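A.B. asks: Residue numbers (the numbering used here), protein chains in the order written: chain Y, 71 to 316; chain A, 21 to 335.
Please note: incorrect hints may appear among the correct ones.
Partial list, computed: chain A residues near chain Y (C-beta under 8 Å) [claimed, not checked]:
(1) Glu172
(2) Gly175
(3) Arg196
(4) Arg202
(5) Ala212
Some chain Y residues well away from chain A (every beta-carbon gap over 10 Å; in silico) [stated by the list, open to error]:
(6) Gly82
(7) Arg85
(8) Ala95
(9) Thr98
(10) Ile135
(11) His160
(12) Gly170
(13) Ala183
(14) Leu198
(15) Val263
(16) Lys281
(17) Gln290
(18) Tyr301
(19) Gly305
(20) Arg309
Source of the hints: derived by calculation from the structure; they are not laboratory data.
Quantities reported herein were computed from a predicted structural model and do not represent experimental measurements.
All residues carry an ideal CB built from backbone N, CA and C; glycine is no exception.
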Amino acid sequence: MLEVRGLSKIFGGLRAVDSASLDVAEGTIAGLIGPNGAGKTTLFAALTGFLAPDEGSVRFRGEDITGRPPHLICRHGMVRTFQVTQPFAHLSVRENIMVGAYLHTPERALASARAEAIARQVGMADLLERTAAGLTVAGRKRLELARALATQPKLLLLDEVMAGLNPPEIDELIPVIQGIRSSGVTVFLIEHVMQAVMSLAENVYVLSYGKIIAQGAPRQPAADPVVIEAYLGHGAAQRIAATAHA
Amino acid sequence: MNWKIPAALLVVALAYPLVFRGNFAINFGVLVLFFALIGQAWNIAGGFGGQLSFGHAVFFGTGAYCSTILQLKLGWSPWSGLAASAGAGALVGALIAALSFRFGLRGSYFALITLAFAEAFRILTNALEFTGGGVGLLLPLKRSALNFQFAERIGFYYTILALTAISIGIAIWLQRSRFGARLAAIRENEDAARALGIDTFREKVKVMALSGALCALGGTFYAQYYLYIDPAVVFGVDKSVEMLLVSMIGGTGTVYGPLIGSLLLTLVGEYTRAITDAQGLSLIIYGSLLILIIGFLPNGLVDLFKLRWRRKARA
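Isolated chain A (complex conformation) (with noise of 0.2 Å):
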């Protein structure tokens, strides 16, 4: 195993804000980590587990809403909070999970029974009462770091490095293990890793439990970190898409595409926004560039590492 790429990065990531100490360039640090972090999730269930889902936000926006309402109706810590999405997270995860494949959902059949739950999540929690309805919950403003509310931003910058850091040892381990093998056999072909003794439904139903533990976490970040949420935003498709997005422009099933790729998207899209003024020319400029990566790097950004390495290997 070779710890140099991680190590590297983390001494990276731990000096980046005391390099950059603009507002500006440790919220852009904030963001890559944070969609590195919902990025990774949705890439452990669908990269590493080949359960390609369309509807992660119903796990973000379970964390999301579950520590906030936890801290307005009953007063507890959003660190408390935090944990207990988590745990929120995979009970939907494993709940979600044990219902589409009990039925054999596979595919883009469980891609779309994950939208549908997504999307009936975001229309309960904009009907009912103690979710706030679509108004959404509002966070009182409370600077504290006991209180997950940082006065200087990075406190939050050190937060979400934690826990992507968490997230991509996750997918290391992954790699590595025994429970990572199971979910590759399961990806490349089920009725072979079931004639090997795997028990399919309970690996699947794992994977979707830690990605949605996962992915919660990054939902109370969030909602610690805006102190306001809404129905459309944490359920809604687009969170989904964000996802799957960053995971598959940095290459999927890959310990360091969702990085990768929330690098490059979020370069892109805070960096499209600050040249121009022009109305939808980023998101032109935005379109364009998925469109050329997806044509040209099926496989992601990732690859274009591979390619150096194995020149380097060559020559």
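Bound-form chain Y, shown alone (with noise of 0.2 Å):
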């Protein structure tokens, strides 16, 4: 569904992401880890059009839309949410939610019974008429989610939605996340709470300096040394090993 070949985005001296190459199949949930600083979110940055690559190239669906602006790319059906939410503070949940609605529709009445359907959907169907400013911090990552969700994307590209969430939030939220991906959207995520990643996620890619450094199925690559060394330094991975064998 999503295929990515040598994607770079080069700040000045800094190549924040480095010829990155992935696959995100259809109906699947991958995700993305790697350390702070790796360039997870610019490189989301770069396949939703709100950075220009300057190198590679990115096809989704079958078109290459390396370039397009975020716009027309959500209008091809990947939409992605923010890792600092960005909510329409002074709108209602119900607004919030019905301005991604009506993009695939201008009939008021529609977009508001969607809003309704999808608030109910990531469990914020008692918020509906709050405004966004009063959300807490699991109520504004839900909120982001929902009004991604209503523009009725095919790939959603969740920017730690976890993050911020106190373990109950965390638990209530990856059901919803599975559901998500029941109902036929697929899901890229990018995700520091683990555990979120090992329950949700089939494939993981691993970014570090801006590379792609490893991929696999989520315990796999969290064994890796390469990944290891990434996340706690150099030596690390013997150290590990050596403190298992003793």
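Make the complex out of the two chains shown on their own, each in a separate frame, by following the hints.
C.D. replies: In structure tokens form, the structure reads like this:
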């Protein structure tokens, strides 16, 4: 569904994303992990048109969408959420979600009905008339998710929707995301909360210094020495192996 | 949708000149509606769309000069001129928006560029011959409704009432339509709006064209009402400030804010001049009132009504 080949984003002398290649298959949940500053959000931004890639290509649903503006990419079926939540602060939750729903219908009543259905799906039906500015962190994260879903995407890019949530909130959100996948939406998520990655993703990519350094089923990269070193520093893999033997 | 408020307002506005027949009263009504119209024009871009302009006079002046020149040079009827000026206002609005937004100007930079455009237009009309230069243009007196010059002021009153009603109708539509929802999204958070599939450039150009068209209608009305325009008045900073002021005092981004703001500011403006002869005293009162309102009701006078509703709802 999504094929990324040799994608690079360069800021001055820094290769924030360095010839990254990856695939997301239709109907799966894929994960993107990596240490802070690895370039995960930059990669998402380059995929969704918020940043123009300097090298490489992005193919999505059979079309080359490299460098297209965000609104066209969204209309083609790929939508992102923001790590730092970006609510329409003075609008109600319903109005926030309706903005997404209006992508496919000019009808107010229809958009409003869709907003209600999606609010139920992500568990914020009680909050529909609340102003977005008054939501908790967990509420805002759900709102990001709901708004993106309202555009009826084929591929949903989630940028750390679990960050800042407490464990019970995370436990609540995991089935929501699984439900989204079962409804036919492919999911690609950036996540630091390993519990979430392990229980959700089927395929995980690890990004470090802009490069994809490992890939596989979630437990596989977690045991990969290269990945351990990327997270914990040079020599860490050896020390862990040594303590394991001792 | 609650149609009671607009319907009641319309009835009051229609009846007003039949109850208060004096010239002063009707002139007052015309001024209130006139400022409500151009305030609403500003509000549609600045309040609903979040594109704060400091140079809306550019559209006002475009409208005033467009219909006036068409009459004087080509012998057009001012009513056709009214339609033409709306087109010209929309065109100038779209043009300024396309130029500014193509280069990513936002916030105060956008405000400054609109101010620069208004000043450029003022200086150009001041210098060019076919706009009459600094002397301005004088429309010949030919009293007839067909000529948009009513023998009775009440004709002007109902004309401006129709235009203002249209502007309020557009504001109501914005509150309930997809276009309005998209504008609110852009105003609140442009990046999020783009992520959700909104072509922010296009929507912003559209709202500036709409706002420019409405504002130009106000310009033509002004030219027909006073039969004289000059660059300093119709393209001046004063006009731009008056528009954003009525909107801000009343409440930006609301349907009735500009009308409420216009009512209060026209009341204060006219009556302080009527009750005192002391030079500048009326301006001091006017200014103090502005400070008080902005200090205590930063969201505008509509907040007063909202507070009362909330209290009622609780009781």
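A.B. asks: Grab the minimum beta-carbon distance between Y/Thr98 and chain A and tell me whether it stays above 10 Å.
C.D. replies: Non-interface label stands for Y/Thr98: nearest chain A Cβ at 22 Å, farther than 10 Å.
A.B. asks: Evaluate the condition: distance from the CB of Y/Ile135 to the nearest CB of chain A exceeds 10 Å.
C.D. replies: Since the minimum Cβ distance to chain A is about 14 Å, Y/Ile135 lies beyond 10 Å and the statement holds.
A.B. asks: Beyond 10 Å from chain A, beta-carbon-wise, is Y/Val263?
C.D. replies: holds, 22 Å
A.B. asks: Can A/Arg196 be said to touch chain Y, with a Cβ gap under 8 Å?
C.D. replies: Cβ of A/Arg196 sits 6 Å from chain Y, so the hint holds.
A.B. asks: How about A/Arg202: closest beta carbon in chain Y under 8 Å, or not?
C.D. replies: holds, 7 Å
A.B. asks: Compute the least Cβ-Cβ separation between Y/Ala183 and chain A, then decide whether it is above 10 Å.
C.D. replies: holds, 14 Å
A.B. asks: Decide, holds or violated, for the assertion that all CB atoms of chain A are farther than 10 Å from the CB of Y/Gly170.
C.D. replies: violated, 5 Å
A.B. asks: Once the closest CB in chain A is found, is it more than 10 Å from Y/Arg85?
C.D. replies: holds, 24 Å
A.B. asks: Next item in the hint list is A/Ala212. Is there a CB on chain Y closer than 8 Å to its CB?
C.D. replies: holds, 4 Å
A.B. asks: Mind verifying the non-interface call on Y/Gln290? Its CB should be farther than 10 Å from each CB in chain A.
C.D. replies: holds, 32 Å
A.B. asks: A cut-off of 10 Å on Cβ-Cβ distance, and Y/Ala95 was said to be off the interface with chain A. Does that hold?
C.D. replies: holds, 23 Å
A.B. asks: Does Y/Arg309 clear chain A by more than 10 Å, comparing its Cβ with all Cβ atoms of that chain?
C.D. replies: holds, 42 Å
Comparing the model with each numbered hint stated earlier shows that hints 1, 2, 11, 12 do not hold.
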